[in-house]
Amino acid sequence: MQGWLRVDPEGVRTKRQLEPWVKRGVAYARSLPAKR
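Here the numbering used here runs 1284 ahead of the position in the sequence shown, where the first position is 1.
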C-alpha cells in the first residue's frame, strides 16, 4: 500500500527503538490538514 511503512518486530524490540518511529508517525499525522 502506497504511503505506508512497516517496521518488523526485530527493529523495535525495546521502547527506545520504538520511540523514534512513533514520534515520526505522530509528527507526520499532525502535519496533515484537519479532516472535516
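Source of the hints: derived by calculation from the structure; they are not laboratory data.
Don't take each hint at face value.
Said to hold, decoys possible - FRET-style restraints, in silico, Cβ to Cβ:
1. R1290 with L1316: 32 to 40 Å
2. T1298 with R1320: 32 to 40 Å
3. Q1286 with P1317: 16 to 24 Å
4. P1293 with A1318: 30 to 38 Å
Don't be surprised by glycine CBs; every beta carbon is placed ideally from N, CA and C.
Enumerated hints in conflict with the structure, sorted upward
1
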